[in-house]
Amino acid sequence: MPTSFFLALSAIMFVLGILGVLLRRNALVIFMSLELMFNAANLAFVTFANQYQLLTGQIFVFFIMAVAAAEVAVGLALMVAIFRNKGSVDIDQLNSLKG
Amino acid sequence: MSQMSDLLTILPVLIVVTWALLLLVVDLWIPKQKKGLTALLAVIGLAVALGASLATSGSTTLAFNQMVVSDGFSDFLHILFLGSGMAAIALSYDYLKRMQIERGEYYVLLLFSIAGMMLMAQAYNLIMVFLALELLSIPIYVLSGFASGRSISEESALKYFLMGAFASGFILYGTAMIFGASGHIDFPGIAATLHAGQVNPVLFVIGAALLLVGFGFKVAAAPFHMWTPDVYHGAPSSISAFMSVAVKAAGFASLLRVFMVLFPGLADQMTPILWGIAALTMVMGNLVALMQTNLKRLLAYSSIAHAGYILMAFVSYGNKQFGSESISAALFYLLAYGLASFGAWAIVVAMEKDYGEGLFLEDLSGLGKRYPWLGTAMLIFMLSFAGIPLTMGFWGKFYLFRTTIQAGFLSLALIGILTSLISVYYYLRVVVFMFMKPGEKELQVNPWVGLVIAVTAIAVIAMALYPGVFVAWANQAVMLLQ
Amino acid sequence: MELVILTFFPLVGVLILVLLAPQQKNAMRYVALITSLLTFGLSLWVLSKFNPAGGINMAIELPWLRLANVPVEFYLGIDGISILMVLLTTFLIPIAILSSWNAIQEQVKGFLIFFLILETGMLGVFLALDLVLFYVFWELTLIPMYFLIGIWGGERRIYASIKFVLFTMSGSLLMLLAILFLGINAGSFSQPTLMANRQLFAGAEMLLFIAFAAAFAIKVPIFPLHTWLPDAHVEAPTSGSIVLAALMLKMGAYGFLRFNLALFPEASVRAAPVMAILAIIGILYGASVAFMQKDVKKLVAYSSVAHLGFVMLGIFALNQEGVAGGILQMVNHGISTGALFLMVGMIYERTHTREFSKFGGLWKVIPVYSGLMIVVTLSSAGLPGLNGFVGEFSILIGAFGSKVLGSPWFAGVATTGVVLAAVYLLKMIEKMFLGPVTNEANLSLKDLSARELATIIPLVVVIFWIGIYPQPFFNLINPAVEQLLQLVQSAAMVLH
Amino acid sequence: MFLSETTSMDPLFLVVPLVVFLPLLGILVNWLFGKRLGEKAIGTIASLAVGGSFVVSLILLFALRTDPQGFSVPLMQWFTVGGLDISWSFRVDTLSVVMMLAVNLVGTLIHIYAIGYMHEDAIHQGDPTRYRRFFIFMNLFIIAMMILVSADNFLMLFVGWEGVGLCSYLLIGFWFDKGEGGIANAQAGKKAFITTRIGDFGLLIAIFLIFWAFGSLNFGDIFPRVGEVAANHPGLMLAITLFMLMGVTGKSAQIPLYVWLPDAMAGPTPVSALIHAATMVTAGVYLMTRSQALYLAAPAAQNVVMWVGAITALFAAIIAVAQFDIKKVLAYSTISQLGYMVAAVGLGAETAAMFHLVTHAFFKALLFLSSGSIILSLERAMEEGAQGSGSHATNIDPQDMRNMGGLRKKMPTTFWVYLVGALTLSGIAPLAGFFSKDEIIAAANNTNGIIFVVLVAAAFLTAFYMGRQILMVFFGKARTKAASLAKESAPLITVPLIILALLSIVGGAINFPGWLNLEHWLEHTIKVHESTFQLPVALISLSIALIAILIAWLIYGRKPLAESTSKDPLARSLGGVFTLVNQKFKVDELYHFLFIGPYEKLADFFAHPVDQGFIDGIANGLGNLASETGSWLRKLQNGFVRSYVLSIVAGIVIILIYLLVRV
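Protein chains in written order, with our numbering: chain A, 2 to 100; chain B, 17 to 498; chain C, 55 to 550; chain D, 394 to 1056.
To be clear, the hints were calculated from the coordinates, so they are not data collected in a lab.
Hints should not be assumed to be uniformly reliable.
[Stated by the list, open to error] Footprint (simulated), chain D over chain B, 3 or more residues, beta carbon under 8 Å:
#1 177-189
#2 217-228
#3 280-291
#4 297-305
#5 399-405
[Said to hold, decoys possible] Taking lysine-lysine pairs in the DSS-like style, the calculated list, with each CA pair at most 25 Å apart, reads:
#6 C/K348 to D/K960
#7 A/K99 to D/K1028
#8 C/K481 to C/K412
#9 A/K99 to B/K369
#10 B/K385 to C/K79
#11 B/K453 to C/K163
#12 C/K412 to D/K571
#13 C/K481 to D/K994
#14 C/K500 to D/K994
#15 C/K481 to D/K571
#16 D/K428 to C/K348
#17 C/K418 to D/K1028
Remember, predicted model here, so these are calculated numbers, not experimental data.
Beta carbons are placed, not taken as given, at the ideal position from N, Cα and C, and that holds for glycine.
The whole structure should be built from the sequences, with the hints applied where relevant.
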């Protein structure tokens, strides 16, 4: 399959991720959308790594996954804390800071 | 290339990271009432790293297969970051105690973040850029929400986290595009391919644009700035102070290096974009700051505005003749801005009664009369922000505008001038409240906070008396830029 | 070195003031007064060494910093144009400090510190020959004055002080751009060097002229950029008004002479008619608006618009009579309007009002005050034998025959300002001093105290001195103006 | 500072600065020590100072007899700037010395008179402390007047010109808390100063024109070169002379700027006599005489001058007929007589103008001072009446002629000197006024028939209103209690009157037909036409004057006014016309409607809608615009993460679209 197919898929995933962030209200779902964006990037890296036959792209993906895991930890912890406080993780209810 | 010299190249970062890890452990044995010891240890760690940084400065070395670099640019920023770290700790100690959120991890996280920033300044590979970015960001997400149980702190943390991750997504995707376009992720490789004309121009430009967005987010450039006021407002003030200086500087560090090293050839496409972003940032930051009544938010918008001024100089980065000038001006400005910013935030820290309270402009009423020195210090910071002589802020703007005009962006400079004028109004409003409105506010200034205020205030004035040294320093930092 | 000592000497007083405890109010006042008197002494010392024909005297040029190979220098020097401004400054500051003796009781320390910083700033403005240094001093004067108005001012002081700063800054930031542009294109910020290398920025002369003019025009102020002035004057404390009117406005006019004329002579020649028209509008409009004021201080404030209109007309007559007259008139306005504000302040201290309707018939009650005030007012009206006349006459006769303006109509119309000045100033005299005492409370007013006499008498002496024997002043001015005008005339030749 | 003497001259000339410095000394002494010295000493010192000046003038007169071409005595350099080189030199020539003599002679007498007059006036006005101030101002006036007449260049002349204006201002409003509403005197002073300043505007322009035409302001550099310059710049002389005329109309109270002079009568009577009759107001005539060379080069201007003078002479005489205030009649008479002098200059009869100037100084000062004597006497009587009856005296206007009557018996000396003055003014031979006025009318007869008629008509009216005045004041019966109680004034007041009366009688000798002393004297300085005595003209004017007096007697003498409230007989017959004339043709109201009102409206328009509204509004509007925009933008910052994200996405989309379009 040509590279462009993978790239197109990657792009679609990325855009879906963006749309998810834009449109969803639940922080968890937004978080999943962010992961989708990361994975879109991963797919692109792997595709290019494949195209150039270079290892660097794939290594990058590993790093991304590791870092994403760390982010997950922090993110979930934050959400738990907020859920404890507010009883919800609806981000539309988080607008006391504005102006 | 020996292992030893590789390690030496990242010695300051290494020290900070190691120190942080050790401190994490040591902190377990430090009793809850004596967390001051942790703070002290953290400062010592930063001081050691600063010593190491100064000791190893002056040379340009690449290490770890050209993953990292140590040059004048990174030396300059290391000092800035480490200094910011120390200042932030000095601000934090008493503040955390008063807000009853004192825990040892705070300092550890701060150290990690600083390590990330330092690495950011040294990164010479897009992997390193990404890793450093995350290393500096993740602790900051946590620190923003450090006042657990305070909803504004948590809100700010989540907002920052979600949007920060969102921005990271763009940086990643941009990196992927650049990798796809050039087949490299190391700076020399990309530059060489680009030079040889073997890149896919569309992918490359898109990648560059996405990176710009990511970094623009970090430096709080419009229209990617909207997290800034909310996060600065909700986060512990000491962290806001740190963010407003160090995180911004780190964002600029990578922006400057990536653009100077990787994208000088894209100047044609990037310059108009940068122009627009710079103009928008200056306008947005200053105009919205006009109407702020909360000092923290005011400073947040002001920090947005200052990002705009730095970007204004940066617009001409691709100019062969003056490109380096723009970097040098930006660095110098960061220094000037950082000093004043820390000072101003220190006053915020001193003023904050309960978490997030007592920060309105009215709360400043009468302070200048009651505490003339404090008032004078705040005056100095505001004047420096506004770019009025004889402060470092003046020389900063002087240099920035000079660079902008030299590169031929007169209209941008005019926008800068106009928005500066607007900024004078709201900075002076702070002074109005301090000196010209009656009020009887009591203030307990912790000696460490007082020290930060005094040192920054004196520095803002004293350095301005003979700014040549620091200009030369910034110039040198850029000359040695790889 | 003389000039460095002179410029920074007031800061010695600042240092001493900082060390004094806040309760030692009188000690602080004496420190400030003595410092300013010593500064005046220093300026006389400079005068004694000054050679009018020698161009820039006592220059001191030290490297300060380099930006992209363009040196910014610490460059001070004094010539026939600046020496009078320097003397005026050092002469008036002690008077202003003395006038605040009883009026300022709150935060005395801060007040005096700002005053002395202001003096250094103004001396710097008049002495700096490096554009960046000039700008630094220029802005340095802004903040102390902002505080003088904002802290010790009247009811609407905050509005007035911010307005003052914003107006000034909007012009001076434009000037900053122009300064930077000059530095980039000519590789130097030094005024004499730039004068010698005008061809390097000849293409942009007009734009540069406008940018500099914007800063100076606001300061002067030239119509229609004057509206900050009445607010600032009315709200400022007496001593602040004195400095503002007598000295800070001169910074604008001085800037025109030092930079606009010297650096952009061709643009000056081309812009002269426009500037003259604005100046004339200022004269007539300022006089008319002053006439309608109900508040003495506002009247005096608007009279400044009119008087500075004369100064600007003289400067842009671009001939010896006009420019030299303009410079002398700058001094005159400083003395006369300074004295007017001083005396308005004295009556305000007594009655806590400045409304005309609250006065009337004061000559009967406080004859010494009234007599002196009438003398000062008449000097402001340009009566021969008092200082205002010589300057005004020289300006008008210069403008009348100005080749650059090319038409006697300018001066002709401006001369009607002489009539209008009489109209509003005599109205002031009538409303304040003549007629019966209408306000019972005024019957118990006290006449001037010894301290107050000590502030006003020196001014009146100078008023008579310049009116009767102005030649020493012209001796200082003439050579410098001749040099300046040679440049302008050659530029005019190029144009015509 | 002091210039060295230049040419060899009679050392007597060197005393000339004393004409200024003696009065200055008087001021200093009175200022520093006056408080301790007491009133008599103050007055004496001031009078001696002026008297000293008069002696100096006499010395100069003596010196000029041997050196009639005159000298310029330099005193000091005033200032030099560019081409402007002004020094203070005293011009001693036949013209300036005539002026000095006249001013100082009349001035001395008036000062002496004022010693007594001001003593009583100050008591009457209720503030004796101003006695000293009065004499200081009077001496200051003499200084300014001396500077004016002795000036060697136009600028010094202007200095004196403005100086006398200032003194006039200060002295008109001397009792600044009196007059109608307590403020009328002050306002009269203001009016005088501003009106004359309007004229000064013209004089200034004339000076500017002279400077740029001749490159100098010194008389010595200008007048000899008039021909040459006039040839090069046709029209320039016309402009100079007309602008100068504007100055003259202000200072010498000619149409259209005469309106200040009647109001100036608010000043104490010695002031009216000295400044507003004898000396200052003639400065314009002196200026034109001095600048004769310029006028000769501009015949059109001479014509204008002639018409302005003649019309003023007639117009003011008409108004004088219908006035009731004794001083106002004299004031309009002064305007009218000044009109004669101006007309004379226009006719090219400068000598006649100077002649009339001098005689007018004598008789008009006499008339004013005598009227002062009457007013004072009435005021005194009013106060005595108030004390005597124990009740408040009916406060009558002591200057209103309707309140007088029958004073001939009560104040015989005053009556006789007043009669002399009135007859002199009416032009009855062989009194001084007859000769001087006749010379002017004769010149008109030679030049322009219409002017001749106008001037003769004015002469008729002059004699008529003086007759009316004499009859109303001195004849008939006392119409008020005050008038019936009036007493003759003290010798300190009457002696100067007698001296002035003698001068009025013999003053004609100055330029007596056939001898023509003044003419021969002045021809060293100005160009002089030999004037001839025209018997027919003299007879016409004499008979016209006698007829006018006869008519006055028919109207006012046969049936004197019965009561102070009864109507003027002329008013009965003329009705509305008389009222209009009595109201001075409502010229003040007209000027208010045409100039003052509109200017106030315009100034108010500038001050409020324009300045505070529009111009300041723009500045504040810009500020508001910024803060409004800020508030609006602030709403974008709504706290919702998703809208923040949207802003980021929007940014990216715009950037990408831009790039795609470009690449």
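Hint by hint, here is what the structure shows:
{"no.": "1", "hint": "177-189", "in the structure": "holds (count 5)"}
{"no.": "2", "hint": "217-228", "in the structure": "holds (count 7)"}
{"no.": "3", "hint": "280-291", "in the structure": "holds (count 3)"}
{"no.": "4", "hint": "297-305", "in the structure": "holds (count 4)"}
{"no.": "5", "hint": "399-405", "in the structure": "violated (count 0)"}
{"no.": "6", "hint": "C/K348 to D/K960", "in the structure": "44 Å, violated"}
{"no.": "7", "hint": "A/K99 to D/K1028", "in the structure": "8 Å, holds"}
{"no.": "8", "hint": "C/K481 to C/K412", "in the structure": "14 Å, holds"}
{"no.": "9", "hint": "A/K99 to B/K369", "in the structure": "21 Å, holds"}
{"no.": "10", "hint": "B/K385 to C/K79", "in the structure": "16 Å, holds"}
{"no.": "11", "hint": "B/K453 to C/K163", "in the structure": "18 Å, holds"}
{"no.": "12", "hint": "C/K412 to D/K571", "in the structure": "19 Å, holds"}
{"no.": "13", "hint": "C/K481 to D/K994", "in the structure": "16 Å, holds"}
{"no.": "14", "hint": "C/K500 to D/K994", "in the structure": "37 Å, violated"}
{"no.": "15", "hint": "C/K481 to D/K571", "in the structure": "17 Å, holds"}
{"no.": "16", "hint": "D/K428 to C/K348", "in the structure": "37 Å, violated"}
{"no.": "17", "hint": "C/K418 to D/K1028", "in the structure": "63 Å, violated"}
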